[in-house]
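As given, the protein sequences belong to chains A and B, one line each in that order.
According to my numbering, the residues represented by the first sequence are 1 to 246, in order.
According to my numbering, the residues represented by the second sequence are 247 to 492, in order.
Calculated directly from the structure, the hints in this document are not laboratory data.
Bear in mind that the values here come from a model prediction, so they are computed numbers and not experimental data.
Ideal Cβ placement from N, Cα and C applies to all residues, glycine included.
Honestly, I wouldn't trust all of these hints.
Derived PhoX-like pairs (lysine-lysine); straight-line CA-CA distance at most 25 Å [what the hints assert, rightly or not]:
(1) Lys-120/A to Lys-366/B
(2) Lys-331/B to Lys-367/B
(3) Lys-9/A to Lys-85/A
(4) Lys-367/B to Lys-141/A
(5) Lys-331/B to Lys-121/A
Which bits of chain A does chain B cover? Going by a derived footprint, with three or more residues having C-beta under 8 Å, they are [said to hold, decoys possible]:
(6) 28–41
(7) 55–63
(8) 198–210
Protein chains: 2
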Amino acid sequence: MGRRSPSVKALVFDVFGTVVDWRGSIIREGMRFGRAKKLNVDWAAFADAWRAGYKPAMARVRSGQLPWTRIDDLHRMILDDILKKFDIRGLSPGEIGEFNRVWHRLRPWPDARRGLQRLKKRFVIGTLSNGNIGLLVNMAKHGGLPWDVVFSAEVFRHYKPDPETYLGSADLLGIAPAELMLVAAHKDDLFAAKACGLRTAFVRRPLEHGPAKRTDLNAERAFDFNVADFNHLADRLCGRVAKKKG
Amino acid sequence: MGRRSPSVKALVFDVFGTVVDWRGSIIREGMRFGRAKKLNVDWAAFADAWRAGYKPAMARVRSGQLPWTRIDDLHRMILDDILKKFDIRGLSPGEIGEFNRVWHRLRPWPDARRGLQRLKKRFVIGTLSNGNIGLLVNMAKHGGLPWDVVFSAEVFRHYKPDPETYLGSADLLGIAPAELMLVAAHKDDLFAAKACGLRTAFVRRPLEHGPAKRTDLNAERAFDFNVADFNHLADRLCGRVAKKKG
C-alpha cells in the first residue's frame, strides 16, 4: 500500500461525501431556508433522512421497478416524501424545486479544490458519481472544482458499484483499468473498482455523517493508498518534497 | 442576428477547425517528424488528405458498413491508407500510433483559450465534437482548454449532425435546447443544431483549410451570432464595455 504508481494516468473521484460535504451543505441551506419560511425543523435529521432514501431509490431502478431515473429526480421523490414526514407544508412547487437543487450547490471539503488543482497538474482528473451530469457540472461551477472530465452513472446507464461504470470510465479515456485510480471515502465503492482492476485510494472523511456517527476509517492493505485528504494524496502521488540531488 | 441571449445557459463548441487548427498542427508535427525520419513529403497535402478521409469514414459507420468506431480508430485507418499513398515506408507500428495521436495534440487558435476563459465565467462551456472523449480530454490538457464538460459523439453513439448529439447535450445538462448554443465554424453543423432548437454562433476561421482555400465566411441571418473569434463572441455575450452609469 502507498507505493508510487507511475503507470496511473487518470484519477476519478466519488463525489458525494468524498469531494463535497453533502450533510453540512444541506444543514446550512436548510437552516437559512427554515429561517426565511419560519420552519422549525431538525435539519441534521432532515439531511440524514434525505441521504438515507438514496440507496433504496437506486435499488428500485436497479431492480427494474423504476425505469432509468436521474438522481435529480430520485432526490425529488425522496424530498416529497420527507417533507411530509417532517411536517413541512405550504411550499410552492418552485420552492421545492429550488430546494431540491441544493445538491447542485454542495460545498467542497476544505482541502478538495487545492488538492484537485495539484493532482490535475500530473493526471487527468474526473468525477465518477451516481449524480447526473447537470448536477455535477453545476456543482463544479459553484464550488470551483477543476475537473478535466465529468463521468456519471447517467452516461453508462448503470449506477456504481456496477462494473460498467469503472470499466466504462477507463474505456472512454482510452486507458487500461490499471491506469485508472478511483478516489473515494467509501470502501464498498473502492472494493468494486479494485475488482475491475482499477487502482484505489481511500480518503478518510470522518465528518461525512456528522461528528456523532462513527464510521470505519481504518486503512486497508487492499487499497493502493489510504490518505487523510486530497492534499495528502497529492503529496503521495505528485511528490511532497523536492527531488533528491544527484 | 446578434441580439443578446439572456436565456442561454451553456455553450458547446465544435472542436476540429473551430477551437483548434488541425491543419497547421499536423503540418508542424509532420515537418518535425519528416526531418527526423528524413522523409520528403508535402505535409500540407498530407494533412488535407487525412482530413478528407474523415467524412467518408464516418459515413461508413452511419451506413452500418462499420460498427460504432471511435475517431482515433478512423484516423488510424485513414492514416494507414495515406501513408501508402504518400509512399511513406519503414515506420514502426509504435511510430505510426504516436503520429496518429497528433489529433490529441492539436493547437488551439490564438484566441481560443482566452475567449473560453472569458465565456466560462458566465456560461457552462463544453465540447460537442465527433472526436472521442480520450482525444478531447488529452487535447484540452495539452492546449489548456478550460472545458466544464466534454461531450462527444462517443457518448451518444451518433455523429454530428445527427439530432441525438445536439438534443442529447441539452438533455444531459438538464436544460432546454433553446438554452444551449452551438459555436462552430461550419454552417452545416449550425443549421443542424438550429433545426433542433439550439441557439447558434458562427465563428469565421478563414485559415482552417489553409490560405489558398476559399471558404464561405459570409454572415447568415439564420444564426444568432456571426463573429470573428471567441473574444468577439465573449464581447457579444458577456459585454465588452463597463455597464453604463445609473
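Status of each hint after checking the structure:
no.	hint	verdict
1	Lys-120/A to Lys-366/B	holds (18 Å)
2	Lys-331/B to Lys-367/B	violated (46 Å)
3	Lys-9/A to Lys-85/A	violated (46 Å)
4	Lys-367/B to Lys-141/A	holds (9 Å)
5	Lys-331/B to Lys-121/A	violated (40 Å)
6	28–41	violated (count 0)
7	55–63	violated (count 0)
8	198–210	violated (count 0)
The structure does not agree with the numbered hints 2, 3, 5, 6, 7, 8 stated previously, though it agrees with the rest.
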